[in-house]
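Protein chains: 2
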Amino acid sequence: MEYFSNIKWRAISLTFCIVLSFPHGSSGEIPPKPTGSVTVLPPIKPNDGPQAFPDAEKENLPVFTMDYPRIQIPFEITLWVLLASFAKIGFHVYHKITVWVPESCLLISIGLIVGAIMHSVHEEPPAVLTSNVFFLYMLPPIVLDSGYFMPIRPFFENVGTVLWFAVVGTLWNSIGIGMSLFAICQIEAFGVQDINLQENLLFATIISAVDPVAVLSVFEDVSVNEQLYIVVFGECLFNDAVTVVLYNMFNFVAEMPVVEPVDVFLGVARFFVVGLGGMGFGVLFGFAAAFTTRFTANVREIEPLFIFMYSYLAYLVAELFAISSIMAIVTCALTMKYYVEENVSQRSCTTIRHVIKMLGSISETLIFFFLGVVTITTEHEWNWGYILFTLLFAFVWRGLGVLVLTQIINPFRTIPFNLKDQFGLGYGGLRGAISFALAFTLPDNIGRRQLFITATIAIIIFTVFIQGISIRPLIEFINVRRTNRNLGTINVEVHCRLMEHTIAGIEDLCGQWSHYYWKDNLLFLLPFVQSACQHMTLYSYFNTHFTVAPWSFS
Amino acid sequence: MEYFSNIKWRAISLTFCIVLSFPHGSSGEIPPKPTGSVTVLPPIKPNDGPQAFPDAEKENLPVFTMDYPRIQIPFEITLWVLLASFAKIGFHVYHKITVWVPESCLLISIGLIVGAIMHSVHEEPPAVLTSNVFFLYMLPPIVLDSGYFMPIRPFFENVGTVLWFAVVGTLWNSIGIGMSLFAICQIEAFGVQDINLQENLLFATIISAVDPVAVLSVFEDVSVNEQLYIVVFGECLFNDAVTVVLYNMFNFVAEMPVVEPVDVFLGVARFFVVGLGGMGFGVLFGFAAAFTTRFTANVREIEPLFIFMYSYLAYLVAELFAISSIMAIVTCALTMKYYVEENVSQRSCTTIRHVIKMLGSISETLIFFFLGVVTITTEHEWNWGYILFTLLFAFVWRGLGVLVLTQIINPFRTIPFNLKDQFGLGYGGLRGAISFALAFTLPDNIGRRQLFITATIAIIIFTVFIQGISIRPLIEFINVRRTNRNLGTINVEVHCRLMEHTIAGIEDLCGQWSHYYWKDNLLFLLPFVQSACQHMTLYSYFNTHFTVAPWSFS
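Top to bottom, those sequences are chains A and B.
For the first sequence, position 172 matches number 172 in UniProt numbering, and the numbering has no gaps at all.
For the second sequence, position 330 matches number 330 in UniProt numbering, and the numbering has no gaps at all.
Looking at chain A on its own, in the form it has when it is part of the complex:
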């Protein structure tokens, strides 16, 4: 098939060039001009159309017309998505590349190239990462994907560790990096003395949050043990609450010369509002989705819509109240998944999973792609000292934080983290597009805003490329405990579930309650959220649980 493989490459390159040529003449987000007509232009001199009797004075019915501004927005969105999809196909043609270089790096590289092309023709890229588009349209699918396919049992078994790292770890990183950078700022040689403590803390908050998009794209290929995976993964989803509060707080405080104790107290109160509020909305909408799907037996074709609408509503309502939207949507997905998959038809279930994966995948692709594009097209302000020390401190404080926090949490864990696991935890803390978008939303009154943006990009590129590429060989080299990726057989699943119910029953008898009891007894909610015709038959059990292999979606 060599002949076809050549044709294939030529076709792909040709299409690539064609679609690259389209965005010329566009200018980002322009609301469509209401033209007032469907398919009719105001009569124009048909300069390029055929005319039977060319007559310079009289206008004839135009045969060929063109109206680009009308379709500009959906057209450009479609082209960008197609371009990103072609890039994904292209990577997987040479499978050996993606074994060693994470897809995120490849996408950023393609983005850099496209950004260079756009910059050279003085074209502005669409404002995707630098506006609400990122937080309202691009981030929710990825987080929904993470939350919906989160392996539930390992998550709840490690929930304490996850929250410990998410909350305390992020605080540690933010304050540590912020203070160290402030100390560096005092050194005259670097020329950044105008950055005060609050601004440093604000910047440190932005870059200390581990990013779910980046982590996912790397850790999916590296088969570490579940404990490690779930802690890093859970941490990057749940640190959003802390990031939101700290960002608010330092932003607010950056404009005030004096910080009062009451503000610290209010900050702590706000943390609980943000965290618990996010979870609360998530659970609320999750149960609403479960309840609604009780009644969708006659409208099977729109069943998947409810899942997407409710989870998106949870996200938006959380954004409305400025609480943690990531936690809201993750909690919503976790809550509704079980009940919804019992209620909807098999086809809807397949569709829901596939669409969530599809949207998450394409969002992630676009985010890394545009990260590359805006790296070139943004105005940079480079400062060697500040940026190099940012990289250093981010690395050092992450490592220290993991060491210290693991020492404290290990006695409480069933499976303690050894040093190799801790290396994986620390080294796997990648930064990504959330940091970049947050940097871009810094208020304009911060003097060194451009420097912060440049430093954020630097740390993202560094972690994604250097850490992202090297983590796989390093993990294999130091021989971190790996996962056993075999799908559970039916027997294993049945027996595991049998044991869980037995343990729950025994706990009931003894009066000693652990998480098995609570899991079993949340089933009391089932009549409210499950349609009468669906019940836990052996068939539906197999359908739901056997096919939910923890790590694979194929």
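Hints are supplied without guarantee of correctness; some may be wrong.
One copy or any two copies: either way a pair holds, since identical chains are not told apart in the list.
Distance condition first, Cα-Cα at most 20 angstroms in a straight line; then the derived SDA-like pairs of lysine to any residue [what the hints assert, rightly or not]: (1) 420 x 501; (2) 357 x 220; (3) 357 x 447; (4) 420 x 409.
Think of the hints as simulated: they come from the structure by calculation, not from any bench.
Please build the complex by placing chain B on the supplied structure of chain A, with the hints as guidance.
Using the frame of chain A, we list chain B on its own:
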């Protein structure tokens, strides 16, 4: 389960009221104000939040904040979609209603109620049907749904009749209704003497096009024979080419006092450009989609995306060049369906079909819903004479047209249409939202624009309600030939396909070629558009063809 059924109703009503209360304070399409911050408001006096030490002079860190404009657009879109989905669920709870009253009527009724509520609180509804939103976002999913699930064999067996009715029938209706209305305008008593011939023809073009959305929603419930269904269905998809050309032409000509012969010639030329151009783009993008899916073996999760992207691109490119976008997207779907379903994974195939059905369903629901809403909220200009004669002429000319055209086409048909079929053809010509949207895009220089809008709404409401509700009992009363809806068994399918191949072979030998020959020989394209690993095994044959039951999607 009486208790739960009560709870269910209370819950549904409560949710209905909650979601109805949300759009207050909104104002249609406002581009999001770039607030410049993610989750932080400019510090406001937290009037409604808790404060530890209330101090009127100093601002403290706000604990509760709200930022609605930022999320307004996605939030309102989500709520409207949810509301429409709840309405759909509600209808199917009382299954007996939907047996006799088509869903379209119920949705318009709900829309009328919501429109009345919005009007009473002086709220503007979102500009959904009255702007590009309809043609760029709401219509494509429905037409893709129609095209993708179009029964191919019956369609190609009747393609001549379909095009005959679509082209000549629409011409007949437009010119007939236009002339008659112009004659009516001459009567002084009606007070519409200012409407000239071109404006009447323009208006007649708008209302003579049979609407796929309305027809589908009615004919799906009424099980008429395939011939009848496919002709009405095909007609309403393919008359778009004629509508586009006539609309352009009369719009252009409405501003010119003199119509030259060259313009008529250009009009005919334009018709071919529009029709063949639409088909050409459709076929091009269809093959592009088929070609692309050859290479998606490693990126299964984004396979469905290509189908949607390519068909949407076909639609947009056709809109760009002001040619028939409906024909483009239908042809694209028809072309790519076979090849794509061979190339993609089973899961992707299920997802594609379900998502297309889902998007089409929700679009259709929203369209009828908003049709009801804008009926109340639009400014009307009523004229008894003009509107009543519009209804009369639309009905009469449709009936006459069907009679005359059937007489001419029947000798060429294998299964001629009897009088009962002709009744079904004529009576099933419903108008819908496309007419409304076209009416709204009439240029402002037409003096009686409001009257035209009102008359269009009147004819839509009349056909959808009166004809839509009565067609089922009438069809049963006069005993139109019904369809045999049993799914073909495997044996039937295998033998049918065997016969087709045999006939194609015999034709090859005899030298007499009919459509069997061409169908068989388009398989020469297969190596280019089919991945090497997929070939026509018995398994894949059953997978594809057996599950494509002509009428059902369950």
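### Query
Looking back at the hints listed earlier, which ones does the structure fail to meet?
Result: hints 1, 3 break, sorted rising.
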